[in-house]
Amino acid sequence: MDFISILSIFVMACFVGYYVVWSVTPALHTPLMAVTNAISSVIIVGALIAAAASGSSGSKLLGLAAVALASVNIFGGFAVTARMLAMYKKKER
Amino acid sequence: MAHVALPAWVMLAYLISGVCFILALRGLSSPATARKGNRFGILGMGIAVATTLLIEAPVPPGGFLPQPTIDDLQTLAQILIAIALGGAVGLITARRIQMTDMPQLVAAFHSLVGLAAVLVGWAAYLNPAAFGILGLDGAIEPQSRVEMGLGIAIGAITFSGSVIAFLKLAGKMSGAPILLPKRHFINLLLLLAIAFFLYGFFDSQSPIDISLITALSFAIGFLLIIPIGGADMPVVVSMLNSYSGWAAAAMGFTLHNTAMIITGALVGSSGAILSYIMCKAMNRSFISVIAGGFGAEAAVSGEAREQRPWKRGSAEDAAFILEQSENVIIIPGYGMAVAQAQHVLREMGDLLKKAGVNVKYAIHPVAGRMPGHMNVLLAEANVPYDEVFELEDINGEFAQADVAFIIGANDVVNPAAKTDKTSPIYGMPVFDVEKAKTVMFIKRSMAGVGYAGVDNDVFYMDQTMMLLADAKKMVEDIVKALQR
Chain A
1 MDFISILSIF
11 VMACFVGYYV
21 VWSVTPALHT
31 PLMAVTNAIS
41 SVIIVGALIA
51 AAASGSSGSK
61 LLGLAAVALA
71 SVNIFGGFAV
81 TARMLAMYKK
91 KER
Chain B
1 MAHVALPAWV
11 MLAYLISGVC
21 FILALRGLSS
31 PATARKGNRF
41 GILGMGIAVA
51 TTLLIEAPVP
61 PGGFLPQPTI
71 DDLQTLAQIL
81 IAIALGGAVG
91 LITARRIQMT
101 DMPQLVAAFH
111 SLVGLAAVLV
121 GWAAYLNPAA
131 FGILGLDGAI
141 EPQSRVEMGL
151 GIAIGAITFS
161 GSVIAFLKLA
171 GKMSGAPILL
181 PKRHFINLLL
191 LLAIAFFLYG
201 FFDSQSPIDI
211 SLITALSFAI
221 GFLLIIPIGG
231 ADMPVVVSML
241 NSYSGWAAAA
251 MGFTLHNTAM
261 IITGALVGSS
271 GAILSYIMCK
281 AMNRSFISVI
291 AGGFGAEAAV
301 SGEAREQRPW
311 KRGSAEDAAF
321 ILEQSENVII
331 IPGYGMAVAQ
341 AQHVLREMGD
351 LLKKAGVNVK
361 YAIHPVAGRM
371 PGHMNVLLAE
381 ANVPYDEVFE
391 LEDINGEFAQ
401 ADVAFIIGAN
411 DVVNPAAKTD
421 KTSPIYGMPV
431 FDVEKAKTVM
441 FIKRSMAGVG
451 YAGVDNDVFY
461 MDQTMMLLAD
471 AKKMVEDIVK
481 ALQR
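Residue numbers (my numbering), protein chains in the order written: chain A, 1 to 93; chain B, 1 to 484.
Worth flagging that the hints you see were computed from the coordinates, not collected in a lab.
Backbone N, C-alpha and C fix where the C-beta goes; we use that ideal spot for every residue, glycine too.
One or more hints might be untrue.
Said to hold, decoys possible - Derived list of chain A stretches under chain B, where covered just means 3 residues or more per stretch with a C-beta under 8 Å from a C-beta of chain B:
no., region
1, 15 to 25
2, 33 to 42
3, 47 to 57
4, 73 to 84
Unchecked claim - Taking lysine-lysine and the PhoX-like style, the derived pairs with C-alpha atoms no more than 25 Å apart in a straight line are:
no., chain 1, residue 1, chain 2, residue 2
5, B, Lys421, B, Lys353
6, B, Lys418, B, Lys360
7, A, Lys90, B, Lys280
8, B, Lys172, B, Lys311
9, B, Lys354, B, Lys472
10, B, Lys437, B, Lys354
11, B, Lys480, B, Lys437
12, A, Lys90, B, Lys36
13, A, Lys89, B, Lys36
14, B, Lys311, B, Lys182
15, B, Lys353, B, Lys182
16, B, Lys480, B, Lys354
17, A, Lys89, B, Lys472
18, B, Lys354, B, Lys473
19, A, Lys91, B, Lys311
20, B, Lys473, B, Lys360
21, B, Lys353, A, Lys91
22, B, Lys353, A, Lys90
23, B, Lys172, B, Lys418
24, B, Lys418, B, Lys437
25, A, Lys89, B, Lys354
26, B, Lys280, B, Lys418
27, B, Lys360, B, Lys435
28, B, Lys437, B, Lys360
29, B, Lys354, A, Lys91
30, B, Lys473, B, Lys280
31, B, Lys360, A, Lys89
32, A, Lys89, B, Lys353
33, B, Lys480, B, Lys311
34, B, Lys418, A, Lys91
35, B, Lys360, A, Lys90
36, B, Lys360, A, Lys91
37, B, Lys280, B, Lys36
Stated by the list, open to error - Pair by pair, the computed Cβ-Cβ distance ranges are:
no., chain 1, residue 1, chain 2, residue 2, range
38, A, Trp22, B, Val10, 26 to 36 Å
39, A, Met12, B, Ala50, 23 to 33 Å
40, A, Tyr19, B, Met173, 36 to 46 Å
Let the sequences and hints guide you as you build the complete structure.
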């Protein structure tokens, strides 16, 4: 992909983000932060590439460390979001 | 371009993963769809990780695991162990964390994203061939150098800033602003230096430049957050949320990865919007929050207060009036959470509802320590979410309310925000509690003032009943009186 295609995706995604986030109800802003935290750990993709590649042991070690850090975030972020969301209940009628 | 083109199915998988993340946030538009949203998020992450492992892990050119060597298997094992270790830590933390401690947890998680971005940036620098960013001349492509440098810089700022925010929120470091002389000048100088070395790195790909970018970015993250006081931490946490997104986006540019770019843009906008909402709720400009120092001179104004008459009520008086009411609006603030009064408060609400009283909860955007924090605390205490209302949705109802029941909040009900131009909280949107027939104000004593350090006219109104006690104790006593 060339730079312009990537930039286009990025700019469009910023607009999508703007509208989607404004539609989030304020009552769920804390779960929103927890889940954005979890999904921003998609940088684990980069960490996996580094950890799997041969050629530089330094790069591999950094990659493995980043995989571990991002995993804390991914598992912790989704789990804590699920835990919070499970508490939101409607009035019993 | 020496960028190795990825197979089409891989690009498609990353795109689907990005779409899943959009759906994850979209689900949060209502508590009813939120759980499904979270599952979309997990699915998206699963797709991204699985795709990467399939193409990157021990796959010699030509297909999936045709003839894995011992080395390949070892690498795969290392990766799986790293995921298992990190995952276990994350799951245990998520299970154990108290809901009141959610802001520090989120700050800690932000710091991890930041640090991971720095590590990935460095890994890409050390092994550019693996990332497909090696130019034909044997050097890293110039464009990738800029993206990499930016990713490392933003990641490092996110990391050190979040660590400070974590320490302040967790009370391991004083929440008071730490003001260095000439701090704006120092910060500006550091920013210029980072920009300079970024150019240097673009120009020469020198290890010294990228080391300096990393070190200076760690330093500026630290310096940016230490002057910001505890009251402004909700803005800071949101802002760092945004930064962690931009760091992921910068890495996505380096890797040409759609999932990362979409996520980065989503998270970046999310944090930016939350910062904006928080600033508006405090009527503070983003610049003044970032400049720091708020709350430094707060303690002084409490001394100069004049003595004015006020009325003290007992738990029995309060219970009697509450029982006779038709409409009661409860305004919880962070003090309620500190006193751990949310469960007994919900019990009081249940008793009143049984007595035919219409009970609603009113939440100010800055009621907790982070956006939406108070909603989570009430949800944890089993308060149904359809009894909980935001400021603009309920503010018109105070005129019909028999009782405004204020517990652990102060600045958010202070009418000075509407009338007194000299007040530090002037312009902040507040609840119109003075329109309610009776105001009950739970407060530990008459001595303390709110976060902003200003006196509150609500204490001295004719219809106000001051309930002076620990919040939990007072509500327990009211519950006892109601049960009689």
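Results for each hint:
Beta-carbon proximity to chain B at under 8 Å applies to 9 residues in the region 15 to 25 of chain A; the threshold of 3 is reached and the given coverage holds. Counting residues of the region 33 to 42 of chain A whose CB lies closer than 8 Å to any CB of chain B gives 10, which reaches the minimum of 3, so the coverage claim holds. For the region 47 to 57 of chain A, the stated coverage by chain B is satisfied: 10 residues place a CB nearer than 8 Å to a CB of that chain, which reaches the threshold of 3. Note: the region 73 to 84 of chain A has 12 residues with beta-carbon separation from chain B under 8 Å; the three-residue rule is met and the coverage holds.
Proposed proximity of B:Lys421 and B:Lys353 is contradicted: the alpha carbons are some 40 Å apart, above 25 Å. For the hint pairing B:Lys418 with B:Lys360, the CA-to-CA distance comes to about 24 Å; that is within 25 Å, so the pair holds. A hinted pair counts as satisfied when its Cα atoms are at most 25 Å apart, and A:Lys90 with B:Lys280 does not qualify at roughly 29 Å. Between B:Lys172 and B:Lys311 the CA atoms are separated by roughly 38 Å; this puts the pair beyond 25 Å, and the hint is violated.
With a C-alpha separation of about 21 Å, the suggested pairing of B:Lys354 with B:Lys472 holds against the 25 Å cut-off. The hinted pair formed by B:Lys437 and B:Lys354 meets the criterion: a straight-line CA distance of about 22 Å does not exceed 25 Å. Among the hinted pairs, B:Lys480 with B:Lys437 is consistent with the structure: their alpha-carbon atoms are about 24 Å apart, no more than 25 Å. Distance restraint check for A:Lys90 and B:Lys36: the Cα-Cα separation of roughly 16 Å lies within the 25 Å cut-off, and the hinted pair is therefore satisfied.
Between A:Lys89 and B:Lys36 the CA atoms are separated by roughly 15 Å; this keeps the pair inside 25 Å, and the hint holds. Between B:Lys311 and B:Lys182 the CA atoms are separated by roughly 48 Å; this puts the pair beyond 25 Å, and the hint is violated. A threshold of 25 Å between alpha carbons decides the hint, and for B:Lys353 with B:Lys182 the separation of about 57 Å lies outside it, so the pair is violated. For the given pair, B:Lys480 sits about 15 Å from B:Lys354 by alpha-carbon distance, which is consistent with the 25 Å threshold.
Our distance criterion of 25 Å between C-alpha atoms is met by A:Lys89 and B:Lys472, whose separation comes to about 23 Å. Taking the CA atoms of B:Lys354 and B:Lys473, the gap is about 22 Å. The hint holds against a cut of 25 Å. For a cut-off of 25 Å, the pair hint linking A:Lys91 to B:Lys311 is broken: about 36 Å separates their Cα positions. With a CA separation close to 21 Å, the supplied pair B:Lys473 and B:Lys360 stays within the 25 Å bound.
For the hint pairing B:Lys353 with A:Lys91, the CA-to-CA distance comes to about 12 Å; that is within 25 Å, so the pair holds. Our distance criterion of 25 Å between C-alpha atoms is met by B:Lys353 and A:Lys90, whose separation comes to about 15 Å. Distance restraint check for B:Lys172 and B:Lys418: the Cα-Cα separation of roughly 35 Å exceeds the 25 Å cut-off, and the hinted pair is therefore not satisfied. Proximity of B:Lys418 to B:Lys437 is assessed by CA-CA distance (about 20 Å); at most 25 Å being required, the pair is judged to hold.
The hinted pair formed by A:Lys89 and B:Lys354 meets the criterion: a straight-line CA distance of about 19 Å does not exceed 25 Å. Restraint check for B:Lys280 and B:Lys418: satisfied, since their Cα atoms lie roughly 14 Å apart, inside the 25 Å limit. Note on B:Lys360 and B:Lys435: the hinted pairing holds, with a Cα-Cα distance of about 16 Å set against a maximum of 25 Å. This hinted pair checks out: B:Lys437 and B:Lys360 have alpha carbons roughly 16 Å apart, not beyond 25 Å.
Under the criterion of a C-alpha separation no larger than 25 Å, the hint pairing B:Lys354 with A:Lys91 is consistent with the structure, at around 14 Å. For a cut-off of 25 Å, the pair hint linking B:Lys473 to B:Lys280 is broken: about 34 Å separates their Cα positions. Restraint check for B:Lys360 and A:Lys89: satisfied, since their Cα atoms lie roughly 15 Å apart, inside the 25 Å limit. Note on A:Lys89 and B:Lys353: the hinted pairing holds, with a Cα-Cα distance of about 17 Å set against a maximum of 25 Å.
The suggested pairing of B:Lys480 with B:Lys311 holds, with an alpha-carbon distance near 22 Å, which does not exceed 25 Å. With a C-alpha separation of about 34 Å, the suggested pairing of B:Lys418 with A:Lys91 is violated against the 25 Å cut-off. Of the supplied pair hints, the one linking B:Lys360 and A:Lys90 holds, its CA atoms being roughly 14 Å apart against a limit of 25 Å. Of the pairs offered as hints, the one joining B:Lys360 and A:Lys91 holds, with about 12 Å between alpha carbons and a cut-off of 25 Å not exceeded.
Between B:Lys280 and B:Lys36 the CA atoms are separated by roughly 30 Å; this puts the pair beyond 25 Å, and the hint is violated. Taking 26 to 36 Å as the suggested C-beta distance range, the pair A:Trp22 and B:Val10 conforms, at roughly 32 Å. The supplied range of 23 to 33 Å is met by A:Met12 and B:Ala50, whose beta-carbon atoms lie about 25 Å from each other. The hinted window of 36 to 46 Å between A:Tyr19 and B:Met173 holds, with their beta carbons roughly 37 Å apart.
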